[in-house]
Amino acid sequence: MTSPNRQIVFDSVSKFYGEVLGVNRVSFALDPGITSLVGPNGSGKTTLLNLLTGLIKPTRGSIHVLGLTTGQPVELFRQVGYCTQFDSFPPGSTGYDFIFWPLRLHGFGREQAARLTDEALERAGMTQVARRKVAGYSKGMRQRIRLAQAIAHHPSVLVLDEPLNGLDPIARAEAIALFGALAVQGMHVIISSHILEEVDRISDRVVLMSSGYVVAEGQIREVRQEVRDHPMQILVRCSNAARLASAAFELNHVVEAKIVNDGRGVLIRTRDAEQFYLRLNKIVCSGLIEVEAVAPADDDVDSIYQYLIGCNGGPI
Amino acid sequence: MNARLITRAKEWTQEQPWELYATQIFVLMRNEIRRNLFARRRLWVYLLAAIPVVILLVQRAFARNTAEPFYIESATRVLARIVHLYYVRLGIFFACMGIFTWLFRGEVVERTLHYQFLVPVRREVLVIGKFLAGTLISIFLFESAVLACFYLTYDRFGAAGWSYIFDGPGLHQLGAYLLVTALTCIGYGSVFLALSLLFKNPIVPGLVLMGWETIAPILPAWAQRLSVTSYMRHLCPVELPVEGPLAIFTVVAEPVAPVLAILGLLCLSVAVLVLSCFLIDRIEITYTAE
Amino acid sequence: MAVYKRRYRPYHGPLTPERSRFLVLTRYAFAGLFRSRVFVLLFVLALVPTLFFAAYIFLANNSAVQQFLQFHVAGGFAVENKFFFTLTMIQTQLAFLLNCWVCPTLVAGDLVNGALPLFLSRPFSRPEYVLGKCAVIALLLSVVTWVPGLILFSLQAGLAEGGWTWSHLWMVVPIVCCSAVWISMLSLISLAVSAWVKLRIVATGVIFCAFLVPAGLGAIFNTILGTYWGSLLNFSELFRLILVKGFRLESELVGRAGLPQVPLFAAWIMMILVCVLSLYILDARLQAREVVRG
Chain A
1 MTSPNRQIVF DSVSKFYGEV LGVNRVSFAL DPGITSLVGP NGSGKTTLLN LLTGLIKPTR
61 GSIHVLGLTT GQPVELFRQV GYCTQFDSFP PGSTGYDFIF WPLRLHGFGR EQAARLTDEA
121 LERAGMTQVA RRKVAGYSKG MRQRIRLAQA IAHHPSVLVL DEPLNGLDPI ARAEAIALFG
181 ALAVQGMHVI ISSHILEEVD RISDRVVLMS SGYVVAEGQI REVRQEVRDH PMQILVRCSN
241 AARLASAAFE LNHVVEAKIV NDGRGVLIRT RDAEQFYLRL NKIVCSGLIE VEAVAPADDD
301 VDSIYQYLIG CNGGPI
Chain B
317 MNARLITRAK EWTQEQPWEL YATQIFVLMR NEIRRNLFAR RRLWVYLLAA IPVVILLVQR
377 AFARNTAEPF YIESATRVLA RIVHLYYVRL GIFFACMGIF TWLFRGEVVE RTLHYQFLVP
437 VRREVLVIGK FLAGTLISIF LFESAVLACF YLTYDRFGAA GWSYIFDGPG LHQLGAYLLV
497 TALTCIGYGS VFLALSLLFK NPIVPGLVLM GWETIAPILP AWAQRLSVTS YMRHLCPVEL
557 PVEGPLAIFT VVAEPVAPVL AILGLLCLSV AVLVLSCFLI DRIEITYTAE
Chain C
607 MAVYKRRYRP YHGPLTPERS RFLVLTRYAF AGLFRSRVFV LLFVLALVPT LFFAAYIFLA
667 NNSAVQQFLQ FHVAGGFAVE NKFFFTLTMI QTQLAFLLNC WVCPTLVAGD LVNGALPLFL
727 SRPFSRPEYV LGKCAVIALL LSVVTWVPGL ILFSLQAGLA EGGWTWSHLW MVVPIVCCSA
787 VWISMLSLIS LAVSAWVKLR IVATGVIFCA FLVPAGLGAI FNTILGTYWG SLLNFSELFR
847 LILVKGFRLE SELVGRAGLP QVPLFAAWIM MILVCVLSLY ILDARLQARE VVRG
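Residue numbers (my numbering), protein chains in the order written: chain A, 1 to 316; chain B, 317 to 606; chain C, 607 to 900.
The set of hints was computed from the structure by calculation and includes no laboratory data.
Accuracy of the hints is not assured; some may be wrong.
Selected chain A positions facing chain B (in silico; Cβ < 10 Å) [as the list claims (entries may be wrong)]:
| id | residue |
| --- | --- |
| 1 | G71 |
| 2 | R78 |
| 3 | L105 |
| 4 | Q149 |
List of simulated lysine to aspartate or glutamate pairs, DMTMM-like, C-alpha gap at most 20 Å [what the hints assert, rightly or not]:
| id | chain 1 | residue 1 | chain 2 | residue 2 |
| --- | --- | --- | --- | --- |
| 5 | A | K57 | B | E440 |
| 6 | A | K57 | A | E19 |
| 7 | B | K516 | B | D597 |
| 8 | A | K133 | B | E426 |
Even glycine gets a Cβ: it sits at the ideal position worked out from N, Cα and C.
Build out the structure end to end from the sequences listed, making use of the hints.
Below you can see the structure in the form of structure tokens.
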């Protein structure tokens, strides 16, 4: 088990804005790696990230980031970098200034701050435009300069609120690669997003949120396990689809068997995937059918999300 | 018990990274001065400080001959009015309202305050850094203006004017005006900083403060201790006669030693700054209602 | 057939008449204002002095109560032109405070949130927009200024003995007209400032500055140059001059100060100039922002 000093721990955290619920009774502990915070607009993702970084204070509960609380800003913000969703910048600042002066506030000397600034600009691909005013940047450039600022001081925890918004496909791929590289180094990378596809591919674990509540948390497969009652879809490509469908109907946990359009496969919906796989093995061994491929059709965030939150996948 | 407290205080003092705090305050001041002093939207503060200078220049342009030494006393009273009735009551008041409320509230309006909260800077250090920057800006602007007014007032008297400055009470008066200007900036600055942390729209409480400052002389002695102008009145080197429509601004009160007035105002400012340090801890980044 | 032809059904119900359409803005603005507790508090506080004046009228006309409370005022309780002059002065200053709170919320919000192009893309013209917003201030400040004045006048007329009403009826004109002049100037300056600076907090500050700083400057101008023309920058003073004339108090109030005053015609010209300038600024700023660019 990971030591609490290496974890991000939310302990029964609630936040109310007057009578409006921000998040309610959130408890989890995150290990290093990429964690995605997924939920529709207004589900409490940004509130959770702002709570984590001390921009807002919890109404109840406590938050520890690597053993530190938000009451220890000097120690905490050496460890944390936060790329917020606010698309605003200090008036008149250039991209370079935007990164350099906060580094000076960290206590870095001029030369070291300059070196770290150059390094961050390089990683974000912003070196060429660093001396231009941020006000003249495109949306993607503004997103990247914020990302550069968040990683400039080499934090152990990188918090990213909708970090891929406004990035073109190439920049998006580069950013995703960067997150992966940072996570491999043992960093905590926490990403919030409502676009499921992008986080599904890069996350080690997900936290699913809806209406201020955490509705599921863990590795995608673990979350899937949590919702056993929800029938799972399995696509079996085989030589005799009708035979497999009739065999499947004999199983109590199978709720639906549908022959796909080309007639060479069956889409099974079952409440107990493991039992179904065992049964399928027996059918195959008996030689009744020849199986070409077996694939879970919905073992991704989309389907779980749809089930838990009741929304379609994709942008919400 | 006391010894333990003293030991604890010593330990605490030694634990603090003072060098880092100093660097952070320096960087904060640099950023703030760039944002507030060298910005086009601060032009109105320059105007506020410069207008009496411009009027004095106009007066000088129309009266080219050297003024009669006989009028030095009258010019001294005019200068005292400029400093006390314009700068202390209006110019510095509104400039401080603009500069100091903008230190934090401006960052909320521009949605940039979170950048200040996401660096390893104690919020108390943030308050002090910003306050010092605001004080430096306002003192620089208004002391320059007071100096210019002083020069323009006495220079037109030629040798008599210079003699009044160096051989008479002129230099002492100048020192007093500069002290009053600096203290007013500090006093109003601290109050407006606190107001900006207390209220979303600190302008309305600002006007209440103006009302308070106006009626302070008729309040009981303890209440007068909470007014910036009450302290300033005791430091005025020239007694202003009560006359005309400006009478409302001038009230005679029991004299207080200048040292006490200075210390009183500084204590008041420190108390308000300590309050601001508590208030800043309450601030959350929501940006919704602005 | 395009899809929308099957699904789109235009509105056939009754429309707000064109002439009174600007009042839609007024109605919604009032609804928004009364949702603010601070506004309600300010509004109520602005009416508190009226209660004291009403109590004074009651006391002045009731000798039994005077005797019971053992009140003795030299020269007796007088409800004359000076009484209504004081009432109007106090209420107009409170109206100024209320206006500083209300005005920036009316226009600045629309500008910051980009609502202006939305309004003007409806069958609303720019003058109607201004009229709609001005109506809010006019109605609100009327309730605080001349309406209490007239109510108190009616109260006094009802309580006073015969003859008072007819001999003092001329006072209705300064109560209403002078308040209207002040309201017009206040609303135009404040709306122009709000449209100029956009941000509410800044607009509130600039409105205060627009009234107080020129007044101070005028005083300094007078002090340095030994003149009285600097008073033209003091809008409250200009209004006071007009009010003094309106309530026929020149000999009593102007003479008492013993100082030369700005001529009345200059005060009028200055106030008209300020109103015209404000209207010009307001129109220019709204015109500049009625189209979305970029």
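What are the numbers of the hints the structure violates, in ascending order?
The structure breaks none of the hints.
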